[in-house]
Amino acid sequence: MNSSSRRSFLGAGLAWPALSSVRTDSAAPPEPASLQTQPRLVYGNLGKSGLKVTRMAFGCMTTSDPSVIERAADIGINFFDSARVYQGGNNERMVGAALRKYRDRVYIASKTLAKTGQQAMADLETSLKELQTDRLDVWYLHSRSTPDSVTGDLLQAQLDAKKQGKIRLAGVSFHGGHAEVMPAFQKLNHFDVFLISYNYAMGHTIDPLIEQARKAGIGIVAMKGLAGGVKPTVRSYVIPPEKLNLLNQEGAPVAALKWVLNNRNVDTIIPSIVDMDQLDQNIQAMSSPFGERDARLLAARLEQIKPWYCRMCGACEGQCPKGLPVADMLRFTMYADSYGQFPLGRDNYRALPEQITTVRCADCASCPVKCPNGVQVSARLTRAQELFG
Amino acid sequence: MNGNSRRRFIAAGLGLPAAGAAAMRTLNPALAGPAATLQSGGGFTYRTLGKTGLKVTSVGFGCMITSDASVVERAADIGITYFDTARGYQQGNNERMVGGALRKHRKNLVLSSKTQAKDRKTALEHLDTSLKELGTDYLDIWYLHARSGMDQVTDELMDAQQSARQQGKIRFAGVSTHQNQATFIPELVKTGRIDVILVAYNFAMEPEIGAAIEAAARAGAGIVGMKVMAGGFRRAQPGDKNAEILKRPGAMLAALKWALAVPGVATTIPSITDMDQLDENLKAMTEPLTPADRKLLAAQLDYIRPLYCRTCGACEGKCPQGLPVADMLRYLTYSDGYGQFALGREHFKQLPEDLQSVRCRDCEGCTIECPHGVSVASRLTRAQEVFA
Numbered sequence: 001m002n003s004s005s006r007r008s009f010l011g012a013g014l015a016w017p018a019l020s021s022v023r024t025d026s027a028a029p030p031e032p033a034s035l036q037t038q039p040r041l042v043y044g045n046l047g048k049s050g051l052k053v054t055r056m057a058f059g060c061m062t063t064s065d066p067s068v069i070e071r072a073a074d075i076g077i078n079f080f081d082s083a084r085v086y087q088g089g090n091n092e093r094m095v096g097a098a099l100r101k102y103r104d105r106v107y108i109a110s111k112t113l114a115k116t117g118q119q120a121m122a123d124l125e126t127s128l129k130e131l132q133t134d135r136l137d138v139w140y141l142h143s144r145s146t147p148d149s150v151t152g153d154l155l156q157a158q159l160d161a162k163k164q165g166k167i168r169l170a171g172v173s174f175h176g177g178h179a180e181v182m183p184a185f186q187k188l189n190h191f192d193v194f195l196i197s198y199n200y201a202m203g204h205t206i207d208p209l210i211e212q213a214r215k216a217g218i219g220i221v222a223m224k225g226l227a228g229g230v231k232p233t234v235r236s237y238v239i240p241p242e243k244l245n246l247l248n249q250e251g252a253p254v255a256a257l258k259w260v261l262n263n264r265n266v267d268t269i270i271p272s273i274v275d276m277d278q279l280d281q282n283i284q285a286m287s288s289p290f291g292e293r294d295a296r297l298l299a300a301r302l303e304q305i306k307p308w309y310c311r312m313c314g315a316c317e318g319q320c321p322k323g324l325p326v327a328d329m330l331r332f333t334m335y336a337d338s339y340g341q342f343p344l345g346r347d348n349y350r351a352l353p354e355q356i357t358t359v360r361c362a363d364c365a366s367c368p369v370k371c372p373n374g375v376q377v378s379a380r381l382t383r384a385q386e387l388f389g
Numbered sequence: 001m002n003g004n005s006r007r008r009f010i011a012a013g014l015g016l017p018a019a020g021a022a023a024m025r026t027l028n029p030a031l032a033g034p035a036a037t038l039q040s041g042g043g044f045t046y047r048t049l050g051k052t053g054l055k056v057t058s059v060g061f062g063c064m065i066t067s068d069a070s071v072v073e074r075a076a077d078i079g080i081t082y083f084d085t086a087r088g089y090q091q092g093n094n095e096r097m098v099g100g101a102l103r104k105h106r107k108n109l110v111l112s113s114k115t116q117a118k119d120r121k122t123a124l125e126h127l128d129t130s131l132k133e134l135g136t137d138y139l140d141i142w143y144l145h146a147r148s149g150m151d152q153v154t155d156e157l158m159d160a161q162q163s164a165r166q167q168g169k170i171r172f173a174g175v176s177t178h179q180n181q182a183t184f185i186p187e188l189v190k191t192g193r194i195d196v197i198l199v200a201y202n203f204a205m206e207p208e209i210g211a212a213i214e215a216a217a218r219a220g221a222g223i224v225g226m227k228v229m230a231g232g233f234r235r236a237q238p239g240d241k242n243a244e245i246l247k248r249p250g251a252m253l254a255a256l257k258w259a260l261a262v263p264g265v266a267t268t269i270p271s272i273t274d275m276d277q278l279d280e281n282l283k284a285m286t287e288p289l290t291p292a293d294r295k296l297l298a299a300q301l302d303y304i305r306p307l308y309c310r311t312c313g314a315c316e317g318k319c320p321q322g323l324p325v326a327d328m329l330r331y332l333t334y335s336d337g338y339g340q341f342a343l344g345r346e347h348f349k350q351l352p353e354d355l356q357s358v359r360c361r362d363c364e365g366c367t368i369e370c371p372h373g374v375s376v377a378s379r380l381t382r383a384q385e386v387f388a
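Top to bottom, those sequences are chains A and B. The first sequence runs 1 to 389 under this note's numbering. The second sequence runs 1 to 388 under this note's numbering.
Just chain B, with the same shape it has in the complex (with noise of 0.2 Å):
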């Protein structure tokens, strides 16, 4: 949709008066005229990333999701200056997009990447593809990816780094993680040798995880946040008991604003598909959380309680059928959260086959409970109907 006639329905849909119209303009920097305030930096809030002295604006751009490069490039014109991939999105497809959308760009910008790898030939393979990709000589964040304990952070994967970093070829060591932070997050500060830990946190989790970032900040190291939006789920079902609060927009934009909050957070990497959510999200930077974001963040807890999982890692090991109760449940958050069908699945497929097959329906009655009050085995059984 056109993004000035968006502008007006917005001004005129929430009744704004005549100041609405120039709120909407700072808010809206590309397009709109006099954006001086934009342009000159007002617009934007600036962090630095720890100890490795990056400055970014708070509201980072994470492109997993991202098919548009247009979007992509008009976040970096307007200036957000934090852009984060993966060598394997969108089978790989990905980087080539950002590469190309960020060329012009690329040495204002602080652009991460990451691997999956186990060892050390392989993830400078990894570096080496991601380098050709993005069209650049250099990341400036370099992340083993989806970590959750020491144990696939180990010695030579870090020593890959280190080289890697010799060579010139990345700025910064990172790791990335979804599980198991609270422990994780304090063990790979103690290393010395990672600079920036890309976290998942929302208000959906536990505050351990915030205590542990804020900690790990205080020990200088950057911190990114990502998962701000805790999964998406933008619609609340008609019929929801929380339907009727969570019609008016602004949970996700809640939702950032109280990550941005977090003591220790430098910078977020929201997941950002098109110009409105462009637009939307860069008004974490000049707005603050109030009393009534409060209330939206409450009602969509409410509303996801069933549906999302805080990946907090207690359900580890319960199945006995051995799902991967977790994993399964953030492809499926994939598809019902953040509307990428595809994503989910293909990650669904990639599960050894005896787990695929595996039906929750065929369990007298599922041993797991969440401590979150995730209604574990209907999800389950959902993630089998649409994906299996």
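For reference, chain A alone in the conformation it holds in the complex (with noise of 0.2 Å):
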């Protein structure tokens, strides 16, 4: 569909009001006349680094299709997140030869899940081989979740990639558990950026954690910014049919990220981006503010997804009796069901441990999981299990 009607069709469409509480960050302020021409960038600082990134920058993982992150860039988007894993390691290729064109004028970030230093570097040279580049902008240790999944060893290596000039700043990133190791990774004095999991469904109770590290110049990125893709298509037996409707109330998703910027210490946002239409809805994100109708739509989202979306808070490490990795294998679920990547939830699925997949939630009596925020644990877990196992 033809990407410019659609942004004229938006401006028109939500009728929004005259803009009463304007955003104060670097750029003008914003008139929704001009959404319909040129989209409005706003930029963050990104922590102490110098590096200024527009508010809303570009997940790739999910992206198949290049001429997305190219447009991307055209608009002048200018932070692209990938990493050393995605889509079977061809996601970094792609994103480095979409923006090889445009490499001196977008910050790039990649991960490693490496366990050691050695890997790690090893790591670093493939990435920066596929992206084409001689030093990525951000390298983050990826998926961290406990403070000992981060290690010296580690450590030393984003330290000795700076010194090699591979690497411009060194990062962390972590779906969960976020009062445990935002802490401990803030004390360390290491990390100039950390990647956290944040969004409306988490609500505000890291954003004290949020504003210590920003203080202390640690740059904030937050990801999973939608709690669940951009238009969750959580099956019927979940959510009533009729539901769904009320799910996916037009704005929703910008709605979502508004509510992840209108936090000043978050300096960008990573959403998934897999094409035009939603590339153009996110743009609208950076330069509008938060209002109340915004308010409403997560409230109606929030109450249809509590049943299954999981906050990754952590609450339930260690309570499966089988040992079962309960959060890990929710967000494998989200992504099928609600991000639609069937194949990446399953790839992430057959990636654990046999003795893991092997088990059955079902041959259990009871279920000692309970989560603090409401989700069907067991449910999800047996979905998992039939969508996957």
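What the hints contain is simulated information worked out from the structure, not anything from laboratory work. Glycine included, C-beta positions come from ideal geometry on N, C-alpha and C. It is possible that some hints are incorrect.
To be verified - For lysine-lysine, the following DSBU-like pairs were computed, each having C-alpha atoms within a straight-line distance of at most 35 Å:
| no. | chain 1 | residue 1 | chain 2 | residue 2 |
| --- | --- | --- | --- | --- |
| 1 | A | Lys322 | B | Lys104 |
| 2 | B | Lys132 | A | Lys306 |
| 3 | B | Lys121 | A | Lys370 |
Said to hold, decoys possible - Not the full set, but computed from the structure, chain A residues with beta-carbon under 7 Å of chain B:
| no. | residue |
| --- | --- |
| 4 | Met94 |
| 5 | Phe342 |
| 6 | Ala362 |
Both chains are sitting in their own frames, so use the hints and assemble them into the complex.
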């Protein structure tokens, strides 16, 4: 579909009121009329790094069409996020090829899951080669949801990489366990950037931790901002079909992004973007404030996703008698059911150890895992086993 | 994007009068309230797949690149009756997704899968895996996948299909083909052992293939069309001389309508990745191919001429470095045309190392002349740049 008409449609269709509470970021005040021509870019400082990044950035994990990435760079989005492992190792290559001609005006982040410094450095070399660049702007230790998943060996690798000019900033990413890992990682006095799960469903509980880190000069990048994808397609046995419409009201995804950016300690957000429509929608999140309609949309959405969306708070850690990594498995199910990325969910599932993938929750008489947020854990785990096992 | 608003937008954007709204409703059976036309069959056309007697909607569903199970499920909910996958798609994950999505509709559907196996034993192992992954006892059609000559459709493999059929694991035997089709299709028919032929055919290809298709259908073969969109290429680059005409949406729909108008083609399996595409494709069953469609296709053909390989096979063996030209162009089409970079690269990386390391830049001049006007050397160079 033609994207410029899509934009004018959004501008007209949402009938924004005169914007009262105007952001005071580095760009000029918004004029709704300008949306029909050129989207307005708003920048954030990535901690004390000196990098100025568009507050709406681009998560490439599930993107399969490189032209969407090129288009984002054309528009002026300047921060792109990939990882060594995404799409069976093919994602970095696509991102690199798409951004090659923009390389001097965009920042690129990648990540490693490596457990030793040596593996990490090998991953970094591959990332640089695949991304066709000499230096990563941010290099994350990927998915470190416990303090002990970050070792001195890995920190040294990041320091070495910096010294060798192969990376600018050292980062760490985590999906859950914020309350424990954020203070621990901050105390290391090492990281320039945190990449954290943060969204309206998780709520404001971790705001003080974010503020603390940001005050210490750490750049804050948010992921999982949509709390389960642009358009959750959760099956009807969880959500009655008639309520799906409520869940997917026009504007809800943008509202979710705005909710995140409304926290000024969050420098930027990296939603997954797979097509031009999503790109055009997401851009709106940068320049319009979080308003009452947004709050209503999100409240309706939250009501619906409550029984299935894992906030990654970490409360269930270690509770399953069979040793299932509950939060991870719920996340993989989310990839399939809400992101619409079945192969991604299944590949992740199949990377679990066999004694885990052969467990069937139906064999337990009752499930002792209690989610403080009301997620129906055993039903979701059973779903994962049906889908992927 | 929300399906509802998408419809509103189309109605508004195209400036359709009141009639527009009603038309939209018939095109969009599932969500709209009074969807009587479609639920009663008015919006679907059904055709019989040759001598198999299988009745299928003329627009089927190619699942190869679909990653969102809910699109597959929704297609079955609204009445699409033919779904196609293969053992190898998405590293073996595709069948599992398709099976999960179609479980509650299984008995009312025609479901096909494929094997690339070269011998009986491997083929039958693949079949058992396919059945397990799809969560079904039988396939309606089981294709020997990506064959281009009778040397790849051996008696051993056809015997394997026959015994699978005797065991009730498959209902009908098929072969899928991308290359050398004008010669190969009649040979397949001559065996008398292949019930369904999955052909690559579209508005960009040679009419000889169309003639072979028609003759095969007349001889009782069920013909399923794939690659009907001629590589996708949904967005002409700004600056392309056809960009203005192609800004108008509809080239993909026109291509599908074109394929449905080919004599002998019973059904088609376009790739469908989201609800918008699903809704668009449904229209091919109710709307005729118009002069405006033909005009769009002419522009699209002009646009893709230097990009899109018709897999005619004329370049076979012509590269002095031994590059499998048509294959490499196909991988690039996955990325540039379908928007599926990873799929293209995975295929590229399965080429032998010596072929992966060839750089076309190192050749003084390229000896390959494509009869259809594809800029072969520059496309191969691009494939090497993005994948190697």
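Checked hints:
1. A/Lys322 with B/Lys104: 31 Å, holds
2. B/Lys132 with A/Lys306: Given that 35 Å is the threshold and the Cα spacing comes to 33 Å, the pair holds.
3. B/Lys121 with A/Lys370: 48 Å, violated
4. Met94: Constraint on A/Met94 satisfied, holds at 4 Å.
5. Phe342: 4 Å, holds
6. Ala362: 16 Å, violated
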